[in-house]
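Protein chains: 2
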Amino acid sequence: MLEMKVKTVALIKDGSFSVLLADQEEKNFLPIMVGPFEAQAIALPLQGKAVPRPMTHDLLRSVCEKLGAEVKKTVICDITDGTFYAELYLKKGDEELILDSRPSDAIALALRCEAPIFIGPHLIEFTYDSEDIVFSERPDEI
Amino acid sequence: MLEMKVKTVALIKDGSFSVLLADQEEKNFLPIMVGPFEAQAIALPLQGKAVPRPMTHDLLRSVCEKLGAEVKKTVICDITDGTFYAELYLKKGDEELILDSRPSDAIALALRCEAPIFIGPHLIEFTYDSEDIVFSERPDEI
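First to last, the sequence lines map onto chains A and B. At position 141 of the first sequence (counting the first as 1) the number is 141 in this note's numbering, and the numbers step up by one without a gap. At position 124 of the second sequence (counting the first as 1) the number is 124 in this note's numbering, and the numbers step up by one without a gap.
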């Protein structure tokens, strides 16, 4: 598995959003298309912006904390027909729990819990080299 | 406290969304303005529509279930400067946990867990009588 970070949330010209994951050396990039709400849920912790009321993923983090579970990691594990799949790994005592999740939810929660984000080994072929990625001037302004 | 049900999710002419809560006799109504994503998160279980991948509140329900907690109820407990506040009541063994939540998240989760929705006693003055409510022909098509 390859550990990734969220490089940016990008607004595409056609109005759609993409979360751009990058490995630690920023050599391999994996763009994942997400909806506008999901983009905001990821961009907020990335930008360190505070919100007056808990957003849905803040509530999700609170539920984990209150129920004594730790978000250990999230894994973008598969792709089928252009749809990425993710798994959320929680730890509660000695127990490991794995939950099926959309990548956007898994990433939004991982960022709030400072949990690492991985991609499965067979997703590396879906990544782009750094030379193929062009950044706009204000990539994470959404 | 007054137990409410979700009567409908309405698209207002200005493009905003409102969740209309009603008491069991449909005499008192409480509209709560929500965002478009929140409206969708409430409308989906209301319409019984299945989704191919778990939405954020489906994941929230899964997290509660996997961690052995039951969603007992949700209470729209307060309003300050036009913003409604809610509390989510979870039960884990003998322990009752109360979490601060936006009403939209609390309602979206309650619907998925078939948990009752209440409004606090001092919010009854914010309700509308049934005579003051006009329904459009297709109120919950969003």
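To be clear, the hints were calculated from the coordinates, so they are not data collected in a lab. Values in this document were obtained by computation on a predicted structure and should not be read as measured data. Be a bit skeptical, because a hint or two may be false.
Since the list can't tell identical chains apart, any single copy or any two copies may satisfy a pair.
The calculated DSSO-like cross-link candidates involving lysine-lysine, where the alpha carbons are at most 30 Å apart (straight line), are [said to hold, decoys possible]:
id, residue 1, residue 2
1, K66, K91
2, K92, K66
3, K92, K5
4, K13, K66
So, going through the hints one by one against the coordinates:
1. Taking the closest pair of Cα atoms, K66 and K91 come within 30 Å of each other both inside a single copy (13 Å) and across two copies (11 Å).
2. Both within a single protomer and between protomers do K92 and K66 lie at most 30 Å apart by alpha-carbon distance, with minima of 11 Å and 10 Å respectively.
3. In this assembly of identical chains, K92 and K5 lie within 30 Å of each other by CA distance solely inside one copy; the values are 25 Å within and 34 Å between copies.
4. In this assembly of identical chains, the alpha carbons of K13 and K66 never lie at most 30 Å apart, being 41 Å within a copy and 40 Å across copies at closest.
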